[in-house]
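Using the sequences and the hints, build the whole thing.
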Amino acid sequence: MESQPLWERTADSPQPVSAAAQARLEAEIAQGGAVPVPDPAADDGEAVGRTMFDTPTSEDQTVTVLIPREHLERVPAQALVRIRSRGDGRCYLGIVVRGPFAEPDGLRPDAPLIVTTTVRGGVFVPRYHGRVQIEIMGEEVEGALVPPRYRPLPNSPVYVLDAEATARVLQVEGDLRLGPAIGLPGVIVRIPARRKAVLPRHLAVLGTTGSGKSTTVARLIAEAQRAGLAVIVLDVEGEYTAIDQPTTDPFMVRALDRAGLAPAGVPDTVVYTLVDRSTSNPAHPRRVTFALDFSRLSPYLLMEILGLTEAQQQRFLRAYDTARLVLRDLGLFPRRDAGRPLETDERRAADWDEFSEGYPGLTLDLLFDIVNAYYHAVARDERSLRFLSEALRNREESFLKERLGDTRNDNATSWRTLLGKLWQVRRLRVFDRSEGALDYAQLLQPGRVNIIDLSDTESPQLNNLVIADLLRGVQQAQEERYRRWEEGQGPPVPVLIIIEEAHEFLAEERSAALGHVFAEVARIAKRGRKRWLGLVFVTQLPQHLPRPVFGLVNNYILHKISDPLVVQRLREAVGGIDEGLWRRLPALAPGQAIVSFTSLARPLLVAIDPAPCRLRLTE
1 MESQPLWERT ADSPQPVSAA AQARLEAEIA QGGAVPVPDP AADDGEAVGR TMFDTPTSED
61 QTVTVLIPRE HLERVPAQAL VRIRSRGDGR CYLGIVVRGP FAEPDGLRPD APLIVTTTVR
121 GGVFVPRYHG RVQIEIMGEE VEGALVPPRY RPLPNSPVYV LDAEATARVL QVEGDLRLGP
181 AIGLPGVIVR IPARRKAVLP RHLAVLGTTG SGKSTTVARL IAEAQRAGLA VIVLDVEGEY
241 TAIDQPTTDP FMVRALDRAG LAPAGVPDTV VYTLVDRSTS NPAHPRRVTF ALDFSRLSPY
301 LLMEILGLTE AQQQRFLRAY DTARLVLRDL GLFPRRDAGR PLETDERRAA DWDEFSEGYP
361 GLTLDLLFDI VNAYYHAVAR DERSLRFLSE ALRNREESFL KERLGDTRND NATSWRTLLG
421 KLWQVRRLRV FDRSEGALDY AQLLQPGRVN IIDLSDTESP QLNNLVIADL LRGVQQAQEE
481 RYRRWEEGQG PPVPVLIIIE EAHEFLAEER SAALGHVFAE VARIAKRGRK RWLGLVFVTQ
541 LPQHLPRPVF GLVNNYILHK ISDPLVVQRL REAVGGIDEG LWRRLPALAP GQAIVSFTSL
601 ARPLLVAIDP APCRLRLTE
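Residue numbers are given in the working numbering: position 312 of the sequence shown equals residue 312, and the series is strictly consecutive.
Don't take each hint at face value.
Stated by the list, open to error - BS3-like cross-link-like pairs, simulated, lysine-lysine; straight-line CA separation at most 30 Å:
#: 1; residue 1: Lys530; residue 2: Lys196
#: 2; residue 1: Lys526; residue 2: Lys196
#: 3; residue 1: Lys421; residue 2: Lys401
Stated by the list, open to error - Label-pair ranges, simulated between beta-carbon atoms:
#: 4; residue 1: Pro564; residue 2: Val275; range: 40 to 50 Å
#: 5; residue 1: Arg287; residue 2: Asp406; range: 50 to 60 Å
#: 6; residue 1: Ala259; residue 2: Arg429; range: 44 to 54 Å
#: 7; residue 1: Arg416; residue 2: Glu458; range: 22 to 32 Å
#: 8; residue 1: Phe355; residue 2: Asn394; range: 16 to 26 Å
#: 9; residue 1: Ala264; residue 2: Asn394; range: 50 to 60 Å
#: 10; residue 1: Glu73; residue 2: Gly210; range: 17 to 27 Å
#: 11; residue 1: Val275; residue 2: Phe355; range: 21 to 31 Å
#: 12; residue 1: Ala264; residue 2: Val119; range: 50 to 60 Å
#: 13; residue 1: Arg226; residue 2: Glu70; range: 39 to 49 Å
#: 14; residue 1: Ala259; residue 2: Glu237; range: 22 to 32 Å
Think of the hints as simulated: they come from the structure by calculation, not from any bench.
These figures come from a predicted structure and were not determined experimentally.
Just so you know, even glycine gets a beta-carbon here, dropped at the ideal spot from N, CA and C.
Spelled out as structure tokens, the structure:
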């Protein structure tokens, strides 16, 4: 008895398609003109598929490839392939950017028969094949990859590259390991640690909270230290103050074991803290306390960080110029020898660049005394002055009042507000202390990891002062190293500066007011490319970074970012990432990242290696 037709069945239980019905379907498909796809291996060796004819919707740089069912698992997303164009002899390299998709042979995927069978609970699986979209990376010409002028011809065989060839094409060789490439078995992504065209072109590590940024930074620190770089970490949360110890987190230990790695602390680490501030890791064996040198900070940088209005800036610069005259009159700078200024100091004073550094010998207390004197003079305050600076402590009031000039038409309110802001800075008690400033040359030792612990400052303003001073100091020390190298001494050590919470230091909403700060960062970024000084910007809020920052950065590690507006902004700033990777960005798992470096042939999806060292404040 014949089975009941599918459309007349009322039972809810799934029913298989009969052998007779299956045979009739296949016969109808054959009579409809469908041609069975021949086995590519019959004449093309290890070919996994063939290119398809173009359609009106075809796009430049991409071709469609059809894959027999038995080869589908050999062509995953992001796989690299070689296409030997049939007929013209050209050879192309490409990467899978869409698919693989499964399509029935000779039928539309939404054919009524397939839809009806499925919704009725039947089991009907016709013969099917795979389809992928290949982005052409270039044409192979005499061993080199050049931009393609043509497209692969239809019915050209396609081959999947093995791990060794894939690594060679993607240029993943290097001594700084990041992790395995997702979808490319056997391919480990590395970058060259000492090539000037890579890290000195700066890096941004971006992603939402919990996406794996801290683990990535810890891995980067460990690998850079092993490669002999000098690493400086501006740690605003104290996360990295315990990286000298191996990780004990069970999840991280298991992940390391699966990757064939072992827990290990980062050697040669030093934790630096500001005076009168505590560290997040008091048990660290090497801790150093430091202060800030007020004379190192440019007056224009100070005005921006303090948020002075235009009226306050005018008075600040007037007081600053008066302070310079006082230093000269007192013989503090330029210093005197036998009653005459030292020639070296005179030359230094003449060459002083107020846009890049402060005036030598100027202290915060001296500037405060002068602003206080101006306020008393303008406000007609008859009370006697009490000087705080060592330079004026034993001087009469008349010594300073004679140098203030005409104050009759000035505004006491602006002077009082400026005095209040300087008092707030003075209360931080971090300037001109006996502990001394950082020894920047000491920071630039090969394999040294310097962690600037700012977790106890509780002041973004103070953090910005520290970061600005450190960037300038490291740049000057590195330039001095290069000068010595040109004179025949040893080569300078490559330096990597990691700025955590970069959006607080370079906030877009304050970019207009912090023009000098950004100009200083931009100058360091541009000079650093030639002097092996690389910057790493780390943030979970890339939307708060000024757009010009992205113009300074050529390398990116992008963890999960869900906000579509942020993703769109990154699309505009970061080039070379295909549409398939952008679509994956909002759904990346913790530890996964889109990696784009100047050393890589193209951006890749990478499972960043687990951190071997201990991290604080991580879940």
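Consistency of the hints with the structure:
Taking the CA atoms of Lys530 and Lys196, the gap is near 7 Å; set against the 30 Å cutoff, the hint holds. Between Lys526 and Lys196 the alpha-carbon distance is near 12 Å, which keeps this suggested pair within the 30 Å criterion. For the proposed pair Lys421 and Lys401, the alpha carbon gap of about 22 Å is at most 30 Å, so the pair holds. For Pro564 and Val275, the hinted distance range of 40 to 50 Å is satisfied, since their beta carbons lie about 45 Å from each other.
Under the hint 50 to 60 Å, the C-beta atoms of Arg287 and Asp406, about 51 Å apart, fit the expected range. Between Ala259 and Arg429 the beta carbons are some 46 Å apart, a value that agrees with the proposed interval 44 to 54 Å. Between Arg416 and Glu458, the C-beta spacing of about 26 Å keeps the proposed range 22 to 32 Å intact. Between Phe355 and Asn394 the CB atoms are about 34 Å apart, so this pair departs from the stated range of 16 to 26 Å.
Here the CB-CB span from Ala264 to Asn394 is close to 57 Å, well matched to the stated 50 to 60 Å. Between Glu73 and Gly210 the C-beta distance comes to about 32 Å, which lies outside the given range of 17 to 27 Å. Taken as a hint, the range 21 to 31 Å holds for the pair Val275 and Phe355, whose Cβ atoms sit roughly 28 Å apart. For Ala264 and Val119, the Cβ-Cβ distance of about 57 Å falls inside the hinted range of 50 to 60 Å, so the restraint holds.
Judged by the Cβ atoms, the range 39 to 49 Å given for Arg226 and Glu70 holds: they are separated by roughly 44 Å. Range check, Ala259 to Glu237: Cβ separation about 26 Å, and the 22 to 32 Å hint holds.
Going through the hint list in order, the structure does not satisfy hints 8, 10.
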